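Visitor: In case you want the letters, here they are:
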Amino acid sequence: MSASQFFGAVIRWRWPILILSLLCFLAIASQAPKLSKNTRSDAFIDPQDPALLDRDRVEALFNINDPIVVAVVNEAPGGIFNPQSLALVDWITRRLQQVDNIDPDQVTSLATEANIVGTEYGMEVEDFFATAPSTAARSEWMRNAIDNFPLYQGNLVGREGKTTLVVAELLDEDRAADTYEAVVDALQDAPLGAGDSLHVAGEGAVAGYLQSYIDNDAKRLNPLAAVIITVVLFVALRTLRGMLIPNLIVILTAGSTIGAMAAFGVNFYTITNGLIVCMIGIAVADSVHIFSQYYEEIALDPGAPAQVVTLRAMVKMWQPVTLTTFTTIAGFSALSATTTMPPVFYFGLFGALAVFLAWLYSMTTLPALLSLLKPKASRAFSHQSGKAASLSVSSRLLARLGDWVLRRPYTVAALGLVLAGVAGWGAFLVEANEERIANFKSSEPIYHADKTINALTDGTYHLDIMVESPDPEGLYQPQALRKIEQTQRYLEGLPHVGGTVSIVDYIKQMHKAVNEDQAAYYTIPDDPQLVAQLFLLYSASGDPTEFEDEIDSERRFALIRASVDENKYSNNKVLVPLVQQWLDESYAGTDLKATVTGDINVSYHWINPIVNTNLMSVLVCIAAVIVMSALLFRSGIAGAIVVVPVALSILLVYAVMGFAGVWLGVGTSMFASIAIGLGVDFAVHTTHSIRTLLAERSGSWEERLRPLFPTTGRAQLFNFLAISLGFSVLITSDVPPLIKFGSLVAVAVASAFFSALLLLPALALLIKPRFLSGGVE
Amino acid sequence: MKPVYLLFLALLPIAASAADDAGHDIMQKVNARPDGEQVRRDFTISTTDRRGVTRVEKTIAYRKYFGADKRTVMFYTEPTNVRGTGFLTFDYSAPTADDDQWLYLPALRKIRRISSSNRGDSFLGTDLSYEEIKKENKVEISDYRFTLLEETTCLERPGLLVEAIPVSDRIAEELGYSKVHYCIDPAIWMARHVEFWDIAGNHLKTISIDEVQEIDGVWTSVDLQVVNHKTQHRTRLQQDNIDYSVEIDDQVFTQPYLRRGLR
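Top to bottom, those sequences are chains A and B.
All residue numbers for the first sequence refer to the numbering used here, where the first residue is 1 and numbers rise by one.
All residue numbers for the second sequence refer to the numbering used here, where the first residue is 1001 and numbers rise by one.
Hints were generated in silico from the structure; no laboratory data involved.
Quick caveat: nothing in here was measured; it's all calculated off a predicted structure.
Idealized CB from N, CA, C, for every residue including glycine.
Accuracy of the hints is not assured; some may be wrong.
As the list claims (entries may be wrong) - Derived contacts from chain B toward chain A, CB cut-off under 7 Å, selection only: (1) L1105; (2) L1108; (3) T1231; (4) H1233.
Chain A on its own, in the form it takes in the complex (with noise of 0.2 Å):
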């Protein structure tokens, strides 16, 4: 069947594509309500990865989670250990229990926990707040106290004594998002003190802050993006179907992708809102190619009925359309199979099914829609049959960028040779890093606790060590207990580690306050009978579950807590290695085991392999458009030539990130292969367009090539203004990187675009290859 054929048949059976359109987007789309939003940073990690793995089995061993920690820090000279600071702790306390899905009795603070000393006769228990601490010689009792309390030191309280812990354990961690916004309201009424100041983080309060931005993003980022591409395609095409038609398009393929996604259970990550934007700019560039074509046969031949129109532009369109829509996909997909996390391969694969879905909508809907309309001119293109004098401003702008790229090849080369050299050492400059706070605003106080906190304290992230005996009531050992005392010390003596706590910390202070508080005694018992007794002691007044943070209750598995305070990617790879390295050899020949975790090694493990496969995954992006393309134009050098604009322009990204010190990290990752997907429309349609001016008209090369510019370069000017425009919305988003996403990806459609249209014509003839000229001079 020939394109005249198959676009006759789709316009004699109009009515029957467009009810059939309408279904199947209703069908589909009417799933979307089912679509549930995932803002955890796990959501990022493949669930099989072994690192995330070991990590949830400890967890659920330990019966560790994350809660919300509220700080109060006070800089001033005597710190928090006053009684304005130190009853502020009190009604923090007491008020989080209130707080609905907070656990009352697992808030742990200065104000719910006990002194232990030991004195001549025996042990004193004491409460910190049994008396309130509301004179200056109590408050200065209490910072003795904690000094003499080595297992508070760095983490309930900060070592300098300016910040103190509230630490709320939540009863059920999916309401995360909603404890954390009750929680602000609730210290919203707080008895601040001199110089007091308040901070809440925590994992669920993070989750809590990105679903409540992705909501936002959501309701402003889309309709912004919608208004920015109509207000294009006014300026384009001048019309009122020039504007509606196209979003309809838009509405057919997003509403359908988000649709498919819910069906297939697929959640809506932080970077999703990112999906929806790229669906804008891949179904408006489809629309503003066949609405050029469309506009420019009106003009041709005003009294053509709409269908003959109709039929013209989509004979003339479908082949671009369909080549760009093929290696779009190719981009989107090699994203997809080269990622190692969930949301990206989502979104390299519904991408992928985006642009099939506004190819096909724009390949039967669009020209059905057309066939219907009676064909009116548009103001835009009304004169362009020949007559350069008196073309639109823009085709008037682009002719003579034309006429100079034609006439120095050269010169439009050897700058394209420069930029890639200098793209080339910015390039070098991109630092592989990654930090989840910094995915937050610097201004926004998430982040600012998150500094604060980790200053002030030893760290609120963990590197943990497991460490496991063979039989139960192993680690009642005292050489068992000695390793990890030994592993605490290392851990220690690396960069980032603020502290570390284990269940020998418990035993040591038990052991000094048996024995009158002697600091002799903050020692490991040698006899494995004291160490079960000491335990035994403690459980007299702990909770049944006091200990199962550090020890199970079989005495076979031990964790050991490393705080770490920045949880960096540039971090991580010194500290995880070094720590693995140790463990291999110090417990080799022991009956114990050591196995590493905590979130600083599954950050490292999962960041490890998106830094390295980066250029493999953007290599393989750039073979697919490179086999692609030379499938499409069945040449070896066509692949090679459509490469280079694209190949040029992820460079330039590189070259930026390089030099504005953007990381390369879990979101940067992508943004190379989509920009290839999306660039590489323009090489795709410019050398369509000089291998069509090559075989149709005739003259010098240079003459021939000439319109390319005011006709396909015109409708690539609108095409590229939609969809770089369409991602600068992303800059007004309040995700940082979802902001870099948007700027990016709009430099890369920026330098696709205008390299395609340089460097092409401008290579096409320095080279002249005879897949564009199909061997005629």
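Model the placement of chain B on the given structure of chain A, informed by the hints.
Guide: Frame of chain A; chain B shown alone:
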């Protein structure tokens, strides 16, 4: 239905204060239940964590009244590594007096005095509080306002459901409860099934006494289970070799005896 419950229930709709009186009277009857002047018994304490791992500890315990005060001594017999560890406790009836508590650690060969625990603190790592252990299935009347809610069944026996609300926030915090529901078996005036809510109103734990026996004329809980609904931790407290008639020398409740222990 026995006339006495009919009377309680008939009073319910009339006035809240009358219902309060009914609840209060029921709890007075519970507290009046004899529990023996002295007793010797073996406890088996089984604690089960979230993962289903159970630890079993066994003790021998003696308890004797000295006037209104009560003294208890308890020695661990199992597991072996804590064998001989002993606790001696003097509970004073005066509400203002702090209890005295001593501990003997055989591995250290030292007696250590431990400052008294809070009433709401966990007892030796179990899901029972010191208050519940000390009261032995009875209740401090002055802590709560009681309301008889309904006639019901407790563990498939006819029972009376009494709601207890702490008289003040301070008491609620001390005990760790905002509300308690006692299901009383009026045949023996013992709470057979008790539900607790924490100070924020979350369902906290359930105590059920699965088996009672009348020994030497004293109704005794021989198998008690506690489930903490928040932590999924469980405790089973079984008693056997119970003897209320045994003569227990006062010397048993002294520090030298604590040191001598199980020898």
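Visitor: Determine for every hint whether it applies to the structure shown.
Guide: Okay, the hints, checked on the actual structure:
| no. | hint | verdict |
| --- | --- | --- |
| 1 | L1105 | holds (5 Å) |
| 2 | L1108 | holds (6 Å) |
| 3 | T1231 | holds (5 Å) |
| 4 | H1233 | holds (5 Å) |
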